[in-house]
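Trainee: From the two separate chains plus the hints, produce the assembled complex.
These protein sequence lines map, in sequence, to chains U and P. Read in order, the letters of the first sequence are residues 0 to 485 in numbering that gives the first Met the number 0. Read in order, the letters of the second sequence are residues 0 to 536 in numbering that gives the first Met the number 0.
No lab work stands behind these hints, which were simulated from the structure alone. Misleading hints may appear alongside valid ones.
Stated by the list, open to error - 27 angstroms max Cα-Cα, derived DSS-like pairs, lysine-lysine:
#, chain 1, residue 1, chain 2, residue 2
1, P, Lys385, P, Lys463
2, P, Lys28, U, Lys433
3, P, Lys458, P, Lys315
4, P, Lys458, P, Lys385
5, U, Lys433, P, Lys168
6, P, Lys503, P, Lys488
7, P, Lys460, P, Lys315
8, P, Lys196, U, Lys477
9, U, Lys433, P, Lys27
10, P, Lys315, P, Lys168
11, P, Lys385, P, Lys315
12, P, Lys503, P, Lys291
The residues making up each chain are set out below.
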Amino acid sequence: MSLADFVPFLPEIFLAVAGLAVLLLGIPMGSRGSRPIIAISIGALAATAVLIFLVGRPTAGPQLILGDMLVIDQFAVFFKVLVLIASALALLMASGYLDRAGYSSGEFAALILFADLGMFVMVSGANLASLYVGLELMALSVYVLVGYFKLEVKSNEGAVKYFVLGAASSAVLLYGISLIYGTTGSLDLETIRSSLTGVPHQNVLLMLGIVLVAFGMLFKVAAVPFHVWTPDAYEGAPTPVTAFISVAPKAVAFAMFLRLFAGTFASEVDHWWMLLWIASAATMIYGNVAALTQDNVKRMLAYSSIAHAGYALMGLVAASDNGTWAVLMYMGVYTFMNLGAFGFVILLESKGYAGERIEDFAGLARRHPAAAAGMLIFMLGLAGIPPTAGFMGKLYLWAATVEAGYVVLAVISVIMSAVSLYYYFRSVVQMYLKDGEAEGEAAAQMLNDRWTGTAIAVCAVLTLVIGLWPAPLVGWAKSGLSALGF
Amino acid sequence: MDTQYGWLLNLICYLPLAGALLIIFFIKKENTGAVKLAAVSIAAIDFVLSLPLWFLYRTDGAEFQFATQMEWIPSVGAQYLFGVDGFAILLILLTTLLGFISVYSSFTAITDREKEYYVFLLMLQTGMMGVFCALDFVLFYVFWEVMLVPMYFLIGVWGGPRKLYAAIKFFLYTLVGSVLMLVGILALYFFNAGGLKAIGLPGLGNDPTFSIPHLYTIAPQVPPELQFWIFLAFFVGFAIKVPMFPFHTWLPDAHVEAPTAGSVILAGVLLKMGTYGFVRLSLPLLPDATVKAVPWVGLLSIIAIVYGALVAMAQKDMKKLVAYSSVSHMGFITIGIFALNDPGLRGAILQMLNHGVSTGALFLLVGIVYERRHNRLIAEYGGIAKVMPIYATFFLIITMSSIGLPTLNGFIGEFLILIGAFNHSWVWALFAASGIVLGAAYMLWLYQRVFFGELSNEKNKDLKDLNLREQWTIIPLIVLAFWIGLYPKPFFDRMQPTVDNVMKRVSVAMPEADLGFSYGGESETDHAENPQTKHGE
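Next comes chain P alone, as it looks inside the complex (with noise of 0.2 angstroms):
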């Protein structure tokens, strides 16, 4: 673990959250000018004081970088650790990067309450970057929680008509999935410790910690029977997260109800905690379990993806469309760590990076005409690339990026995770593609149904294009998909010696024939003795 510029990250992860109590004690909420400047320039600081993490991460050094270790509660071996790797960064720029966007995009279209609104925005940003930061479970664990409580608000305060329902009901679900959550970590926490008493299952009998570094390296020791159920417990965790069907019910709700930038952070981090978790914990930890979920999984993700994809073609709302299009490609995301290879695995990771920039500006752009027209359906329009010739172009970029256009960010991810499900089963690979199939006609039809045509709706004639701020809400967004399309190369650079590690970690389970390539038993030997890794200690 390296301890160098710790600093910085403590700073990006805490600033939004000093910036909320700057506002809420030093500006009057009458002041909403005020409010909002403050809220943006914070949000901008923090993605600007985040771009280093992308020069300073070092491919080659230790696991974790950018590490601050201190005891918090040392009688149970509670520690603050924070430190990232690779993927962690791609996840906290994405994370800050949208976290401005969120900000900028709301200024028109939050007008009651703005003071707590933005204090709101700015704390659940630090719930987020602390997730993606935390190397110990119960840090890890608050900060996962402590996420939900802003985005209650977020979505019960300014959002729709059902808002209090889809409120409650998004707040409920996750917090089942995160308290069971819990009760595995404690159940890993004890088998690294003294054992559990009453079912004669003795631990290890090191030192107590819940340090994940650590408990890395106690994974393969792990029994097999406890490892299915500290992975079933994880598992109804991170799947409503994601969420995999059956748990996606939440999501269609919250993302309706939700204001705008609400369900931009939704879809675009949120959702990647789940898929986050999975990468980070349960494949390293629980490599037998992991390898014996196999089937299940990806059975569960050939169904998001379809049922998704089916379940989006038939809405008539724009929003409900996006938000059945997000099960879909997180089913991809899934389908694509559970085929435990390496492309499959990078695929997913870039994947979940361009489900934020796609999906997050699919929500931009329905939030823009929503606020012009308050209206979402599709039968309303028809026809506004005539009076939105910049938006249609916008929207057009960002919806094939979504479909996996050559040139653009979907197709690098989704071919990729094409050949991670193929080495592992053609049938995978079958219904992956046909996710794409259906991605293909849900979005081009829903282009086709709202930007062409006559425009037969009187309400839509004097419809303004973008003006300045909004086309700059989703410019960084088209840069990125671009970016990531033609050159994806310093991406991959920065997320491979975390697949590697993964894959290292979750291959003690697996027969070598399954993974194409060579792991071996020597490498593990070597990484248990490697001084890096063993900092839990």
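Chain U with its partners taken away, still in its complex shape (with noise of 0.2 angstroms):
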């Protein structure tokens, strides 16, 4: 191993210095406000993708770098793109709230930073040692994260079934690797896949390890039976936090779940998607199902997002090129539809919990047209009705599991979808067809912060743009496919 072998690591390595010199440099600028670490931050966000972009992409096919643990591939790029992005606008909605709740910026920047080193290990992971230490990185900080406003019950509450829940999790799959590693001899993921194409496998401990290793990925996608964590860490969390988790963690474990499943695991297929079929099923049902009756719109969006988990999954039961392009596709445009729906419950909260209830909404369309037109754009998007991003996203899900022949799993889904509008526009009642003031509603006041505001109307432009003209977004999935050795 030369020196030059680092060079496509670069990106990873500006990621952990920038990190600590954010953790450092919070402690002399802590006294100034959020503001000025929170834009180091996404500075040194906009220079690693830069670095992506001249040294950390692949240029002739995917190309395995320090000792075969990583990957670079067009596969990983985009996933890193898209935590870049959802980290940076996850920043831009932070900075308004941290300086109101009073908590300082640095630590808080840093985590998110090191939380996407550990992303970025995960979705170029080529190993399952390598896979498995950026999904703990990423873990921990996480954890952190959920339990970052240490003065608030509910926040350490969150934290700590998170964390309990999260390590057993890993545990499993730890599990499950090390069977894996028992009957094929071996933790890299080509290896493992060349080993197991052609040869009808029968062996128990190998489908014991796969299946394991199937739990634990379920239980980082927040799928049903593995969800229970979901709604306690969203509520619990500062929203700004929530708003990261539920976009960037998730879309990166569904980025490891593709290269196990759809890749290294492909020819397994047989064995286990009866599995996921049920698991996206059940998700889809059990998260739409409770959606309904929240009246914390964070909790309501907690289900809202364990309920997309069951969709994207539609993708992997597919196994096909048309499922994973799609579920590339889907995680790009939930984190834009999601993060905007967290971003509108940020600005609403102008003290302690106010805003996290339905009925904060009231009237809002009036008061503030442009941010509950937002709301309602990033409303109809994870419903999934065109014009916006979510129903392209769905699209290309439903089409791939027709294709697939799983149509009762598609029309599982399309019913659900139907289901979800009713509590998705259960805000927009309040928002549109509610009138505040004259029901004597104690009314949310609408903080008024640029840099949410900015994040915002980011999110809602792009939920439209794609929705409109997908074809830019879909060309991007699709180039990712090659990585997967289809």
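Mentor: Printed below as a string of structure tokens:
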């Protein structure tokens, strides 16, 4: 291994250094409010993106680096860019929020950067060991972020639940990895894949290993029955953290899921499709039905994000080219819609937990028409109504599912998608059809924060533009296919 | 496909949306006068712009004219494909006319949040026209669902006491139907391309495309079993929209709670989406399944005709009565379509226009008295012909049009549908005819109770007759009713190519005897080689 081997790894190295620098800078600059630190962190994310463009992208096909531990391919680049955008938007939204709550931003931004580093390793891992290391680095940063409001009971409760269950799931995942290692004799994804193809495998230990790995991944994407941590963690976490963890870690968990199941274990599809089929159907049904009765918007969005994991799982069940890029596409559009929706909640949380109850939305269309229109776009998008990006994302997932012949799963999902409209529109009803003042509601004050507003505007515009002209994102998502050995 | 004047169709479709954006960004919400002026002028300009379609459409030309074809999502084969035939042009003209009337009629009825109201009304206009213009399934579906959102708000914000319930019921019902339709669309799409893997169905191996004109050409190759499932998926979507019995329960709620203009659009155009879908998609794309479904759809239509009429007769609320009469009238249209013969189909298409005209006018008329009295109960009225003579005259003409009196539009459509139904089976004709009798009964009884008799209710004594603006919202519809009633030929001329094409495509699955006249197998092969219909490739 020469020094030149590290050049494609420069974005990750830079992220680690930037994370440490922000952590240190946070001590002297902590008294000046959150903006400078947040601005520096966003700059670091932008610099990382530039580095990815310069050295961290594949020039001629997938490229293995660092002793075959990591792979640089278009698939990884797609998710890295997505993570960078999601983190930047979450940081933008966090600035005003942290100032108002009186928490410092240095550690916050540093933890986000460290989580990003973990995610980078996760999406480009070519070895079960490096995948696991990346996963843990991300998970540990996120546990701390969930409990970042250390004086809030809800925040602590969410963090502890998330940590305990997350640790248990990591153990399950690790045990699965060890079984796979035991049966195939390798941790290298490519070696495992080539040893699995051709020969029909009835090895019980191998199957058990694959199933346990699937369980671990289902936990990370918050699928039923491994979803119980989600509502509490999402509700308890500071809202910018909720926005972040509902998109970036979920997206990279799907990346790892795809790399393992659509790539490495693809030849064993007969053994695992049923498991994921059931998980997908159960997740869609449970997430959507449970969201129907939630009065807390963050909790409602938590259940909705469970449901969205179920939709994306359809792409895995389809186990085809179309299924794979549909998941990439869906993670792309879901990121913007969900970040935007949480950004709107952040704007409303003037103090304490105000703005989280659905009634706090009453009459907003009259007082803040632009913000309400943004939220309307996100709600339509999450419900999958055209002309928003949400519809385009779901369209390709449904297409892949129908193509693979799982029509029943597609029908469950379209019906659940119609059901979801009901709860998404509960907030629209409050904003547009109710008059907050007339009913004597102490409506939440809308925070006038330009940074958060900008982030929401970006999300809203992207949600509409991708919905009307999806071709570029589709093309980009499709370019990620080659990595998986299809 | 003829691309001449393609820009005109796009202009007509998107002008209302552009106008809505203009109002959002450049007119302050306090300035309601300017909002109304802008909205009504945009709607009027749109109507005027749509008139050339009537004259420029060539009945001997390509099947779809005024076409636009552009890349949209090339990697999945979705195009931006616009184009209309005579049938779609008639519906577009109906849409622009009713769009103008609904804007114009709302000036005094809507006094709250006017700016948003007119913005939603104009957006709805674009959504509806897009459905009639789109010839690509993805594009079609996008417009199909887009129009639900403004309609939801029109009912939900400006509706009656139970508006929240009615609005979400409308949205959810139609959404469930349309997402199931989407699954059907995808199945057809993959059959044309690579097939459906897990159920072992091989595809045709064509380049993937969502182009409806291309899919017409592969329709005879779709295996009957697949056709059945796709037909079922489409049927749920369209039947909810029509609405056919037993999917009709959202309609009375939505109609009763919606503001007048919302009801006019709902009855006049939105309900036609379902029957449009049958004619444009179900029949030509799934001929085999269509022929097999005829008895069942006929049964549901007969139930809708009789049941709708009987329930309408029992209503105490005028608007609810008109709403249930819609169920009955739409049953007529579906029975005409599924008679699968030339007169039935022509009658059904004409009746779509007629229903838009007469039911739209009825909702306007009911809305006018509601605005004065804030009451729609029939028992509250009686003898108001004495205080509102013009109103009574207009109402009478529209009533006659609705029950199918000769010289008015309803007669022509119902007569053709009866011929079509009779050609299929005398039982159908018997029940359809009984629907006409019942229709006359409830409409005339309504007229009698509201307009004749003693002017007993004090509150009705000083009701004002129609003012000039109100008169001019009704007069265009009355003129149209007489025109169609007296000289329907121009309408038939324009729909004939559509009728011929649909019959040709559906007849591949029919035994000759059923038709009564011949559409030979030769013409089908001619058709497949006809370059004009192969543009999807």
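Trainee: Would you mind confirming whether the straight-line C-alpha gap from Lys433 (chain U) to Lys168 (chain P) stays at or under 27 angstroms?
Mentor: holds, 17 angstroms
Trainee: Is the hinted pair Lys460 (chain P) and Lys315 (chain P) satisfied, with a Cα-Cα distance of at most 27 angstroms?
Mentor: holds, 21 angstroms
Trainee: Holds or violated: Lys196 (chain P) with Lys477 (chain U), Cα cutoff 27 angstroms?
Mentor: holds, 20 angstroms
Trainee: Can you confirm whether the C-alpha distance between Lys315 (chain P) and Lys168 (chain P) stays at or below 27 angstroms?
Mentor: holds, 23 angstroms
Trainee: Between Lys433 (chain U) and Lys27 (chain P), does the CA-CA distance stay at or below 27 angstroms?
Mentor: Holds: Lys433 (chain U) and Lys27 (chain P) sit about 22 angstroms apart, inside 27 angstroms.
Trainee: Taken at face value, is the distance from the CA of Lys433 (chain U) to the CA of Lys28 (chain P) at most 27 angstroms?
Mentor: holds, 18 angstroms
Trainee: Do the alpha carbons of Lys385 (chain P) and Lys315 (chain P) lie within 27 angstroms of each other, as the hint requires?
Mentor: holds, 22 angstroms
Trainee: Is the hinted pair Lys503 (chain P) and Lys291 (chain P) satisfied, with a Cα-Cα distance of at most 27 angstroms?
Mentor: holds, 17 angstroms
Trainee: Holds or violated: Lys385 (chain P) and Lys463 (chain P), Cα atoms, limit 27 angstroms.
Mentor: The hint holds at about 11 angstroms.
Trainee: Given the proposed pairing of Lys458 (chain P) with Lys315 (chain P), does the C-alpha separation stay at or below 27 angstroms?
Mentor: holds, 18 angstroms
Trainee: Take the C-alpha atoms of Lys503 (chain P) and Lys488 (chain P), compute the straight-line distance between them, and say whether it is at most 27 angstroms.
Mentor: Holds - the C-alpha atoms of Lys488 (chain P) and Lys503 (chain P) are around 22 angstroms apart, at most 27 angstroms.
Trainee: Between Lys458 (chain P) and Lys385 (chain P), is the straight-line Cα distance small enough, at 27 angstroms or below?
Mentor: holds, 14 angstroms
Taken one by one, the earlier hints all hold for this structure without exception.
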